[in-house]
Structure formats: structure tokens, C-alpha cells
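Asker: Sequence:
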Amino acid sequence: MDYDFKAKLAAERERVEDLFEYEGCKVGRGTYGHVYKARRKDGRGTRNEAIVIKNTDSGHRLPRSRKDEKEYALKQIEGTGISMSACREIALLRELKHPNVIALQKVFLSHSDRKVWLLFDYAEHDLWHIIKFHRASKANKKPMQLPRSMVKSLLYQILDGIHYLHANWVLHRDLKPANILVMGEGPERGRVKIADMGFARLFNSPLKPLADLDPVVVTFWYRAPELLLGARHYTKAIDIWAIGCIFAELLTSEPIFHCRQEDIKTSNPFHHDQLDRIFSVMGFPADKDWEDIRKMPEYPTLQKDFRRTTYANSSLIKYMEKHKVKPDSKVFLLLQKLLTMDPTKRITSEQALQDPYFQEDPLPTLDVFAGCQIPYPKREFLNEDEPEEKGDKNQQQQQNQHQQPAAPPQQAAAPPQAPPPQQNSTQTNGTAGGAGAGAGGAGAGLQHSQDSGLNQVPPNKKPRLAPSGANSGGPVMPADYQHSSSRLNYQSSVQGSSQSQSTLGYSSSSQQSAQYHPTHQGHRY
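In terms of this note's numbering, the sequence shown opens at residue -12 and continues consecutively.
Simulated from the structure, these hints should not be mistaken for laboratory data.
Using N, Cα and C, we set each Cβ at its ideal position, and we do this for glycine too.
Fair warning: there could be bad hints in the mix.
Derived DSSO-like pairs (lysine-lysine); straight-line CA-CA distance at most 30 Å [to be verified]: (1) Lys332 with Lys129; (2) Lys313 with Lys282; (3) Lys275 with Lys119; (4) Lys282 with Lys324; (5) Lys332 with Lys365; (6) Lys128 with Lys332; (7) Lys275 with Lys129; (8) Lys305 with Lys332; (9) Lys317 with Lys305; (10) Lys275 with Lys332.
Using C-beta positions, here's what the derived DEER-type ranges look like [stated by the list, open to error]: (11) Lys28 with Phe368: 49 to 59 Å; (12) Asp5 with Gln346: 18 to 28 Å; (13) Ala273 with Ser316: 51 to 61 Å; (14) Ala126 with Thr331: 32 to 42 Å; (15) Asp274 with Lys129: 24 to 34 Å; (16) Glu172 with Asp5: 44 to 54 Å; (17) Arg247 with Lys(-7): 25 to 35 Å; (18) Ser301 with Arg2: 55 to 65 Å; (19) Lys129 with Asp260: 45 to 55 Å; (20) Lys311 with Gln346: 47 to 57 Å; (21) Lys282 with Arg2: 32 to 42 Å; (22) Gln323 with Glu172: 29 to 39 Å.
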């Protein structure tokens, strides 16, 4: 390529350091990069109007209109150039458009140092932080459980976003609390954003086992039993299992299938301790409940290492009763459907959205914080040389505390009343989400429209039909929010929610479990 032409391109290319101020504003650090809270250098925004950027490049100029004077997240991808994981995430995010899926705003490529930055709107909260807040309240003898209305709204929005992905033939494959972002104060207050598409895959053709593709980083606690048994043709059911795990964690403030050795660098999907934890809660699956378990590649190992009688007294009913969840309640019945061991019998996202749980009062809302102030602290800026987790020295103590039986949480009759002092969070994951328009990619990997996530299919796929009743009944939704599947619509409780699209969130990965295991730390973005 002509040298002068290359020099001209380099001179015309927008540079992150010229557009944004982000020095000293790091809010997250993980395996794949750093996340910064940033703001424009043109000075038109206030000091509280920040921008978050994430490393990558697109070639479209970022408008300087007033709508961009808001908080964003900048994600800088480690290394030189763009990895396959980053390419996959960028390609998917440029195509996906849904209010509950993070949307990519802009990609920057630094020619001099070959760094990649991704730009998203900024999300102040995520489920890891939120659950940690409530878990700490129990440890301080002042238990404050997540309001059940908030849990319902969170779950509904997660399911709606995942249904959109599944309807467009995308598996997320790494759902966990740290990857579920929640918008703070602003036009999209309390809106859920599903983030971190780095492990997402189109499932047009059979996939390799997850462990063969990504032997490190992925969290075992939210991994479906069929994956642990080496399933080679897994389906959308793996995301549903992870959502069930998140649902249980929202109800109890602790991970339902926590395991001491969750980060194993191996290509073998079988994980004895994780399966033992699942069976200790759920019981060993009966042959009639999971007939195809005998076809699993790791079934011989399962037979050799486990005895059915060991888990004869274990059941999900008993586990949830300890946490004040009655077995005949609609909340438990839905949880049971999400955590069905046999993936072929596990409920789908479309079916879950139409479950009776969401049709009883209180109905889910667009603002998961509806009716109360946001009590959760804002993110804290990290020093450039600061360790990934300030609480490293206390990790062993936290692990020992976790091994002691936890007292059943008391149910809160009302949402949190007043927010604590806004001390910044000590967590290292920065997450972003928001309402700007996502870049609609030129490639045809996924087809979508702003109105619906159901009839959008990639090439060579038959269109999916909307579920029966999807357009009938229920409270009227704001014009900007079109559900992908559910029979009932949200009660609108958000003022000024006129923006139609979510903007990307960067996600975190490993730190979410630091309080339970000392090696589970840095967030993956």
C-alpha cells in the first residue's frame, strides 16, 4: 500500500485520546481488557456526563450532537490487533438490536499501537454488585432481601433479551450475574442489558463442546449439566439453565451451585465437584427424568464417580424452603422449570415469558427499581497499578465464611427505603448499557427490525412465528419497547424512556465470584 495513502488514512482516523477524557477513570479490569468511564473533550458536557469506551474500530464518525453528551463506557481490548473473540463480539453487536441487549456504539482502532476500543453507553450497576450488596447486608446482621417485584422485573427482562437472541439463532453461552447490566439514573433507569457477547455463537450448525473452544475463564457455576457431561450438540437450553441459576441467586443472595474449584484450565468438560454440587441441591437425576443421560460422553465417568444414594435426601424443594420459597408458589414452579436437568424438557425462553408467575401482581416493570430509590453504590475508579480486587487479603476469610451454613434470609416486605452513602464500589468490572442507537452492521449475519425480535431470522433459516397471544392483552407498552415474545407487556414506570435501543454493555466475568472463591476474580469484558 502506498505510504502517503497510509499516512493520510492515519491522519484522518479518529483517535480515542483526541475525543475523550478517560485518564484516571478506569472502572474495570479483566482478562480481555480494561473499561474506562469517559467524557468528551469538547467541554459541552458537565463533569458528570462521562463516556465509556471499549477498544475496536468501525470507520464511522461519532456524531457530536447533544444526544451524545451522556455517560459511556470505553473498553480497551488487550494485546495488539483484534482477536477472534473480539471480532465475533463486534460482528454480533453490530447486528443485534433489542432494548435488553447491549448495543455497540462505535469502534476505534489505534493505528500506532494497534489497540482496539469499543464504545458503549455506561451502565452503573450489574447483578453481581446488586447481589453482593444484599449478601453483605445479611453478613452485617441487617438482612435486606431483593424485593420480589424487582426480582420479577429483572428475570422478565433477562428472558426477553435472551428470547431475542435465541429467535435470531444466537447462543450467549456465558450468562452470569456480572454479565447482566442494569442502567442507573437516566432515561433508561432500571433497564436490563445483557452484555459480553465474546462467547456467543450462531447455532446454524452443531457446535463443539464449550470446553473445547474456550478451556479457560468460563464460569462453571452457571454451566448446564449436559455441558459438564460432555454434550456435543447442546442447544438454547444451556442459556436457560444459566438464567435459572441467576434467578435462584436473586432469590437467595448466594450462588445456588457454588463450587470451590470453578476455574479449571482443561479441555475436559467433566467437572466432579461442580456435578457434586448440582446433585447436592437437585438430587441425582432419575432415569425417567433424564433418559438421554446415558448417551452423554462422560456418563461412564459419572457412573464410576457417583452413587445415586448419596443424594437421596437432596431436592430443589428442600433447598429453596430453607430460603423461605414455598414449593407451591409460582416463583418456585418457574425456577423448577428453568432448572430441569434434562435439556429437552427444560422450558424455553418463550414459554417462560408466558409463565403464570409473570401474570400475577405485581407485574414486571420496565424500571426494575420502580417505586424506590436506587440503594446501590456507584462504581469506584481504579488506579492503573491497582490489583484486580482490593479484597485479595480477605478472600480466604470470605471463603471460610461461605463454608458455614448461611442463615435463611428474611423477606423484605418493601423495597429498600433509602440509599446508603454513595460510596464507590470496590469491584473491578465496568459495565455499560444504554439507549443509543446501535450500529446496524452491513453484514447480514442477523436480520432485525426495531419493532420485533421474533420474525427476524438469518439467511437460510425459516422464520419463527410469534407466540400465541403475543399481541393480546396486557398493559400497554411504551412505543419504544417492543417485546420479542411475551403474552403480557411491562407496566411502564419509566419517565422519559423515549430512546429505543440499548447500547452495549461490557461485561465482567470472573470477579463476580470472588467472595466465594479466591481465584475467581477479574472480570472479562
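Asker: For every hint, state whether the structure bears it out.
Answerer: Taking the hints in turn, this is what the structure says about them:
| no. | hint | result |
| --- | --- | --- |
| 1 | Lys332 with Lys129 | 39 Å, violated |
| 2 | Lys313 with Lys282 | 34 Å, violated |
| 3 | Lys275 with Lys119 | 38 Å, violated |
| 4 | Lys282 with Lys324 | 22 Å, holds |
| 5 | Lys332 with Lys365 | 40 Å, violated |
| 6 | Lys128 with Lys332 | 40 Å, violated |
| 7 | Lys275 with Lys129 | 44 Å, violated |
| 8 | Lys305 with Lys332 | 22 Å, holds |
| 9 | Lys317 with Lys305 | 16 Å, holds |
| 10 | Lys275 with Lys332 | 12 Å, holds |
| 11 | Lys28 with Phe368: 49 to 59 Å | 18 Å, violated |
| 12 | Asp5 with Gln346: 18 to 28 Å | 52 Å, violated |
| 13 | Ala273 with Ser316: 51 to 61 Å | 24 Å, violated |
| 14 | Ala126 with Thr331: 32 to 42 Å | 40 Å, holds |
| 15 | Asp274 with Lys129: 24 to 34 Å | 46 Å, violated |
| 16 | Glu172 with Asp5: 44 to 54 Å | 29 Å, violated |
| 17 | Arg247 with Lys(-7): 25 to 35 Å | 53 Å, violated |
| 18 | Ser301 with Arg2: 55 to 65 Å | 57 Å, holds |
| 19 | Lys129 with Asp260: 45 to 55 Å | 32 Å, violated |
| 20 | Lys311 with Gln346: 47 to 57 Å | 22 Å, violated |
| 21 | Lys282 with Arg2: 32 to 42 Å | 54 Å, violated |
| 22 | Gln323 with Glu172: 29 to 39 Å | 36 Å, holds |
Checked against the numbered hints given earlier, the structure breaks hints 1, 2, 3, 5, 6, 7, 11, 12, 13, 15, 16, 17, 19, 20 and 21 and satisfies all the rest.
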